[in-house]
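Asks: Note that the protein sequences, when read in sequence, are chains A and B. Residue numbers in the first sequence follow this note's numbering, run continuously in steps of one, and reach 261 at the last position. Residue numbers in the second sequence follow this note's numbering, run continuously in steps of one, and reach 633 at the last position.
None of these hints come from the bench; they were simulated from the model. Incorrect hints may appear among the rest.
These stretches of chain A come out as covered by chain B in the derived footprint (C-beta under 8 Å, 3 or more residues) [what the hints assert, rightly or not]: (1) 47 to 61; (2) 89 to 103; (3) 210 to 222.
Note that this is a predicted model, so its numbers are computed, not measured. For glycine and all other residues, C-beta sits at the position ideal for the given N, C-alpha and C.
Listed below are the residues making up each chain.
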Amino acid sequence: MTPAIEARALTKRFGAFTAVDAVDLRVEEGELFGLLGPNGAGKTTLVRMLTGLLAITSGEARIAGVDVRTDPDGVRQVLGVVPQALTSDLDLTAYENMDIYARYFGVDRGARRVRIEELLTRTGLWERRKELVSKFSGGMRRRLEIVRGLIHKPRVLFLDEPTIGLDPQSRLVIWDILRDLRKGDSLTISLTTHYLEEAEALCGRVAIVDAGRIVALGTIAELKELVPGSRNLEDVFIHFAGRSLREEGAPKGGPPARRGR
Amino acid sequence: MMGKIWAVWERDLLRMVRNPMTLLTAILLPLVYLLILGNSLQGPLTGLPLGVVAEDQGPETRRLLGALQAIEHGPATIKLVRADNVDVAMHDLRAGALSGVLVVPPHFSSDLERGVAATPGLFVDNVDGIAASAVEFAVQSALSAIRQPLARYETHLGQAEVRSEEIYPRVDYDASLIPGVVVMSIFMATMIAGAFNMVMDRFLGVQEAYLSTPLRRLHINLGVLLSGTTITCATSTIVLAIGMLATGVRIHGGPWAYAVVATVVVLTALGMLAMTMVLLGRAAHPRIVGAVNGFLNIILFFPSGALYPVQSFPAWLRAFSRVNPETHAVAALKAVLFRGGDLAAATGHVTFLACFTGAMLLLSTATMKRML
Ligand SMILES: Nc1ncnc2c1ncn2[C@@H]1O[C@H](COP(=O)(O)OP(=O)(O)OP(=O)(O)O)[C@@H](O)[C@H]1O
Ligand SMILES: [Mg+2]
């Protein structure tokens, strides 16, 4: 079967700095895949290359079998993207944000109406659809942006830290939405997160990224087995990504996995 | 295809419409700016082309021509252009190639010598009031120059004065600034639309949302340029309407004249927006857009002939003004507003604007940055 997400030796360099270093990755259809890693590890850069937002330095990337480099438009048609930054338009209402975004994908008028009502109702925003997004709280805006990425029924959804800065209730709401999404169609989800309990609660397999490389990959159970004595994902994470701040370039706490500088 | 362009258009337009203060600036600023500048800029003019039709070859005519040549070589207000007959000269005047036509009637010399009233006719292109009065003044002084050595006839020659006839209904100075006000308002609107919106999206990181959709360069570029054009046309129409009300200028020549005005405004707006997109589409900070636009405003507007005739510029600036889109926008609007609906006079300028806009549209789409 064609994997939903596939990367081969995917590399991104900014000048002399290698942000993503020869990453190989294969995510099957219907998976909810977690991308973990410290700040600056290269998660966002990896996702941006996979979604055709950033030019690939070298290597290959395919989404649902479509090559990101040669057919970016084909890839964008099947892709849902919820970027790390908040990107909805503050001067537009919730409904306008959804409607205009749907038109970028060529969703026709009738389907748009039905779909927007369904998605906004699911996130509790339907009643406030006519309000400007500038009047929304951070949590409401996040919820809006997550369902905006689903407006065209994508086959693969990339979420880059969708629950950052949310209170526990809002986070649970988003978890429910994501769990819901998995039940229905064969949607594949790639979820970047810093919250390890989030990955434990939602993800089947996870990859731990550090300094531009995947340093560990597997189900959470598998990863725990790899690290003797680990009680939870946090122990595993610290083991692979180290204890110190990456930006400081200080020596690492845990045993080093094969990592290039 | 069109659906996607209109989606981009609508998003961009809604954002601008919901910030009415910026739009208001684009309307008020040009009106105030030109009111002030229009009243403070008055310097010497040079090189105004004056057509001379000499139907008399007598000594007084030769002396008059000599005096005119002295002005041409001295203060250089005028540049003499010999014309064979009145018809040709008048045609050139109407086409804007001459600033004035001086007709020296037959028997001018003999009449003067006999002490009979001799009246050369001067036709001036009063579309530009300042240039017209400069031409008139130059001819007056040439005439008084030839009277100096003829002191003995002076008492009899009281009528050797120039009779100036304006070829169009009178245009006063305030009214003559209207095309400039309109072009300025087009420029102001391009500062708050188009490239500015695009760069703002990049700066805020918002563009990541739509760059990951199947929108193509053409959709994004055209959508943003068309919403900018919509806004610009709206604000400059308001400015034009206020200007016309305030000065009493009317658009003559029926529906076609209105169509030409609309065409000029649309082409200029689209062309200017596309040009700033080419220059600034890749900028990373909205401040850069502000700074470069301020600079562009100066180098495009002042040489456009909006405030001051192109003839007052040094040669290099004249050369630049010939390829300056604002020059052609101003000239086309002047032709329609002040040449009594003579649309032919605007044709060349509209053609230039169409070519310029087409080229900028192609260039801006080709250079647009589709990735982060
Ligand atoms: N446009 C860019 N130019 C230069 N360096 C960049 C650029 N974008 C990212 N980087 C660098 O690439 C590295 C990876 O950044 P990236 O944003 O992918 O990390 P991340 O894993 O998403 O971090 P976070 O968890 O903080 O979001 C960082 O060191 C960053 O400074
Ligand atoms: Mg990131």
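Asks: Now look at each hint and say whether the structure bears it out.
Replies: So, going through the hints one by one against the coordinates:
{"no.": "1", "hint": "47 to 61", "verdict": "holds (count 6)"}
{"no.": "2", "hint": "89 to 103", "verdict": "holds (count 7)"}
{"no.": "3", "hint": "210 to 222", "verdict": "violated (count 0)"}
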